[in-house]
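J.: Below, each chain spelled out in residue letters.
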Amino acid sequence: MSYTVSMTVNGKAVSGDVEGRTLLVQFLREHLRLTGTHVGCDTSQCGACCVHVNGTSIKSCTMLAVQADGVEVTTIEGLANGDELHPMQAAFRENHGLQCGFCTPGMVMSAIDLVQENPEPSEKEIREWLEGNLCRCTGYHNIVKSIEAGAKAMRGG
Amino acid sequence: MYDFNYHRAESVADAAEKIKAAEDGKLVAGGMTLIPTLKQRLASPSDLVDLSGVGDLAGISVDGNTVTIGAMTTHGAVAASDDVKQAIPALAALADNIGDAQVRHRGTIGGSIANNDPAADYPAGCIALGATIVTNTRELSAEDFFVGMFETALEEDEVITAVRFPVAKRAAYMKFPNPASRYALVGVFVAETDGGVRVAVTGAGQDGVFRVAEMETALSGNFTADAIEGISVPDDDLNTDIHASAEYRAHLITVMAKRAVAAAG
Ligand SMILES: Cc1cc2nc3c(=O)[nH]c(=O)nc-3n(C[C@H](O)[C@H](O)[C@H](O)COP(=O)(O)OP(=O)(O)OC[C@H]3O[C@@H](n4cnc5c(N)ncnc54)[C@H](O)[C@@H]3O)c2cc1C
Ligand code: FES
Ligand code: FES
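Chains as they are written, first to last, in our numbering: chain L, 1 to 157; chain P, 1 to 265.
No lab work stands behind these hints, which were simulated from the structure alone. A hint or two may mislead.
Claimed, not checked - Computed beta-carbon distance windows for the label pairs: (1) L:K124 / P:H243: 34 to 40 Å; (2) P:G265 / L:D17: 55 to 61 Å; (3) L:D17 / P:F150: 33 to 39 Å; (4) P:F150 / L:G101: 37 to 43 Å; (5) P:S46 / L:T43: 20 to 26 Å.
Said to hold, decoys possible - Computed far set for chain P versus chain L, every beta-carbon distance over 10 Å: (6) S11; (7) D14; (8) L140; (9) E155; (10) N222; (11) I242.
What the hints assert, rightly or not - Restricting the straight-line Cα-Cα distance to at most 35 Å, the calculated cross-link-like pairs of lysine-lysine (DSBU-like) are: (12) P:K26 / P:K85; (13) L:K12 / P:K39; (14) L:K145 / L:K124; (15) L:K152 / P:K85; (16) L:K152 / L:K12; (17) P:K26 / L:K12; (18) P:K20 / P:K39; (19) P:K85 / L:K124; (20) L:K124 / L:K152; (21) L:K145 / P:K85; (22) L:K124 / P:K39; (23) L:K124 / P:K169; (24) P:K26 / P:K39; (25) P:K169 / P:K39; (26) L:K145 / L:K12.
Don't be surprised by glycine CBs; every beta carbon is placed ideally from N, CA and C.
Let the hints inform the model, and build the full structure from the sequences given.
T.: In structure tokens:
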């Protein structure tokens, strides 16, 4: 069956027709062509599809588009201010927090949510928080460093 | 995933009616178990009835010696609740250790207990603390509610509305997580309640969560880790799978129970 959904994505009002089974990530990627949000596993494990719904990080491969009717979504495309990267994006770039980059959008979205909940996370807290974000390349070390730096920058220095 | 009709319930009564009216309806809460199940085509309901719009199903309240958690309360909300942390810290810690942050932001207590995964955490907490499961039609003790692996006493159109936990004198939960999934390979919840000491084990039993009477008796006289040192659960009814043998699980039960007793103080 077809349903019309409306939501705010990266500050813009959008709407579209979806099936009951359309996932939020499909709506973002295929309907809105916001392909920064990735699908790594499609089994709710890897976190590549992480976006913010009403300000909190969730796995967009495990939420239906119809469930997101009326919400506010932020994706990786919504972070930068024009040419100026979000401090967390900049920190990943400066600290070599990525190799192939496939996991990176999810990592960045997850990391920003961590800093919202815990502005000064310890290394241990960062590693625990990344439980739901898998990376096949980096060995996580530089991701953790990036998040430490990003958190500091988000605190304003 | 096969397609289905989607409905948003306005109230608990509306949810029950919509489920009844559907050919093969299913409730959806956080979707963290149901959506992966639909993707695998292990279920193909004709209709999904979403509980997320039923406002009064989410929330936590404390009244005297009872903590009531609405069915749609997320694991993240339980973990962060000052009320739960103060009244039953072991329960807040349990919720904080479920899956990962994104799972905790969506997954709910109602969905977790309705699913009764043999490796889920909440069933151990409900049994050990002597919780009451409240539905739209009745109230059940946790022991009557959890029937077997992925099986509960719920009727087709029955909706869990809340879980009521009596405050324990002391309690702790220790889980040995599967390193990949974070589900419990073995988890043991120990509580000293007004009704005596209770020890509940998840992750290990072929029929899901179960109590260990021998440990409960030993701890009633002497609430120390030493008191249960020599007690082990026979491995006949424990699971063997790719993650661990029944023998290893039996070993872990004693280890986790001792740690839980020590942590409960
Ligand atoms: C990566 C990952 C890791 C996880 N790790 C853990 C873990 O470590 N420990 C753990 O315990 N769990 C874990 N889970 C499961 C998680 O806790 C789920 O949130 C939970 O099992 C289901 O809750 P839900 O709200 O998402 O329910 P849903 O998926 O929406 O529903 C599950 C079932 O419950 C039924 N249902 C839902 N609400 C009600 C209600 N109010 N009344 C009656 N029936 C209802 C549904 O019809 C469905 O059959 C994990 C899940 C994932 C994806
Ligand atoms: S694609 Fe969503 S968790 Fe992996
Ligand atoms: S950088 Fe390649 S998966 Fe993380």
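J.: Look at each hint and say if it fits the structure.
T.: Evaluated hints:
Judged by the Cβ atoms, the range 34 to 40 Å given for L:K124 and P:H243 is violated: they are separated by roughly 25 Å. About 58 Å separates the C-beta atoms of P:G265 and L:D17, a value consistent with the hinted range of 55 to 61 Å. The supplied range of 33 to 39 Å is met by L:D17 and P:F150, whose beta-carbon atoms lie about 35 Å from each other. In this structure, P:F150 and L:G101 meet the distance hint of 37 to 43 Å, their C-beta atoms being roughly 39 Å apart.
Between P:S46 and L:T43 the beta carbons are some 24 Å apart, a value that agrees with the proposed interval 20 to 26 Å. For P:S11, the shortest C-beta to C-beta distance to chain L comes to about 18 Å, beyond the 10 Å cut-off, and the non-interface label holds. With a least beta-carbon separation of about 17 Å from chain L, P:D14 lies farther than 10 Å from that chain, consistent with its non-interface assignment. Residue placement check: P:L140 keeps its beta carbon more than 10 Å from all beta carbons of chain L (closest about 29 Å).
The claim that P:E155 is not at the interface with chain L holds, since no C-beta of that chain comes within 10 Å of its own (minimum 24 Å). With a least CB separation of 35 Å from chain L, P:N222 remains clear of the 10 Å interface cut-off, as annotated. Here P:I242 stays apart from chain L, with its beta-carbon at least about 16 Å from theirs, past the 10 Å limit. Taking the CA atoms of P:K26 and P:K85, the gap is near 33 Å; set against the 35 Å cutoff, the hint holds.
A threshold of 35 Å between alpha carbons decides the hint, and for L:K12 with P:K39 the separation of about 30 Å falls inside it, so the pair holds. Pair hint L:K145 plus L:K124 holds up; C-alpha atoms about 12 Å apart against a cutoff of 35 Å. Between L:K152 and P:K85 the alpha-carbon distance is near 29 Å, which keeps this suggested pair within the 35 Å criterion. For the proposed pair L:K152 and L:K12, the alpha carbon gap of about 29 Å is at most 35 Å, so the pair holds.
Between the alpha carbons of P:K26 and L:K12 the distance comes to roughly 33 Å, so the proposed pair stays at or under 35 Å and holds. Only pairs whose Cα atoms come within 35 Å are accepted, and P:K20 paired with P:K39 is accepted, the gap being roughly 24 Å. For the suggested pair P:K85 and L:K124, the alpha carbons sit about 21 Å apart, so the restraint of at most 35 Å is met. The suggested pairing of L:K124 with L:K152 holds, with an alpha-carbon distance near 16 Å, which does not exceed 35 Å.
A C-alpha spacing of about 31 Å is found between L:K145 and P:K85, which places the hinted pair at or below 35 Å, so the restraint holds. Among the hinted pairs, L:K124 with P:K39 is consistent with the structure: their alpha-carbon atoms are about 34 Å apart, no more than 35 Å. For the suggested pair L:K124 and P:K169, the alpha carbons sit about 31 Å apart, so the restraint of at most 35 Å is met. Restraint check: the Cα-Cα separation between P:K26 and P:K39 comes to about 15 Å, which is no more than 35 Å; the hinted pair holds.
As the CA atoms of P:K169 and P:K39 are separated by approximately 43 Å, the hinted pair breaks the 35 Å bound. Distance restraint check for L:K145 and L:K12: the Cα-Cα separation of roughly 33 Å lies within the 35 Å cut-off, and the hinted pair is therefore satisfied.
Violated hints for the displayed structure, listed by number in ascending order: 1 and 25.
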